[in-house]
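Visitor: Sequence:
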Amino acid sequence: MSRFYFFVVNSVLIFYVLGSSAQAGATGSPCESDADCRRASHYACHNHSCACQIGYHEELVNSSLSCVFVGVPVGERCLSDESCINRNRSHCGSRHVCVCRRGYYEH
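Residues -19 to -1, 1 to 88 (mature numbering (1 follows the signal peptide of the UniProt record, and there is no 0)) are what the sequence shown spells out, left to right.
The set of hints was computed from the structure by calculation and includes no laboratory data. Misleading hints may appear alongside valid ones.
Ranges of calculated distance between the beta carbons of each label pair, as one might list FRET restraints [said to hold, decoys possible]:
#1 83 <-> 9: 37 to 47 Å
#2 44 <-> 83: 36 to 46 Å
#3 42 <-> 83: 33 to 43 Å
#4 15 <-> 41: 18 to 28 Å
#5 29 <-> 57: 33 to 43 Å
#6 16 <-> 84: 35 to 45 Å
The model shown is predicted, which means the values in this text are computed figures rather than measured ones. Glycine included, every Cβ here is placed at the ideal spot set by N, Cα and C.
Please model the entire structure based on the sequences and the hints provided.
Guide: Put into C-alpha cells, the structure is as follows:
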C-alpha cells in the first residue's frame, strides 16, 4: 500500500511541476502578437508560438524557465559590439547589424 501511495504522490507532484512550467506566455504558448508572450522575460511571438527573442536562449534559472541573453547572431540587428555573439569574431556594423570581423566568415 505504501508503494502505491508513493507512486500517486510522485505522479501528482510531477504533473504539478509540468503544469506550472507551462505558464501562459512562455515557450510554446499560442500567441497572435508579442503582447501575448511574457515580454518582461524576453519572449516574443514567432509563428503563433511564444519563444525567446533573438539573442536569448531559454535556460532553467531558480527552478523557472527564463530567456537569458547570449548575444545576437551575425545578420541580426544590434546596438553595440557587446550585443553580438562571439564579440571577438563579430561586431555591430554601421547599419546596426552584427557582421563578421575581418578575417572571419559566416558558415
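Visitor: All the hints need checking, so say for each whether the structure fits it.
Guide: Evaluation of the provided hints:
Evaluation of the 37 to 47 Å hint for residue 83 and residue 9 yields a pass: the beta carbon distance comes to about 40 Å. A hinted range of 36 to 46 Å for the beta carbons of residue 44 and residue 83 is consistent with their spacing of about 44 Å. At roughly 36 Å, the beta carbons of residue 42 and residue 83 sit within the given window of 33 to 43 Å. At about 23 Å, the CB distance of residue 15 to residue 41 agrees with the hint of 18 to 28 Å.
Remark: the range hint 33 to 43 Å for residue 29 to residue 57 is contradicted by a beta-carbon distance near 21 Å. The given range of 35 to 45 Å is respected by residue 16 and residue 84, whose C-beta atoms sit roughly 42 Å from each other.
Hint compliance for this structure: hint 5 alone is broken.
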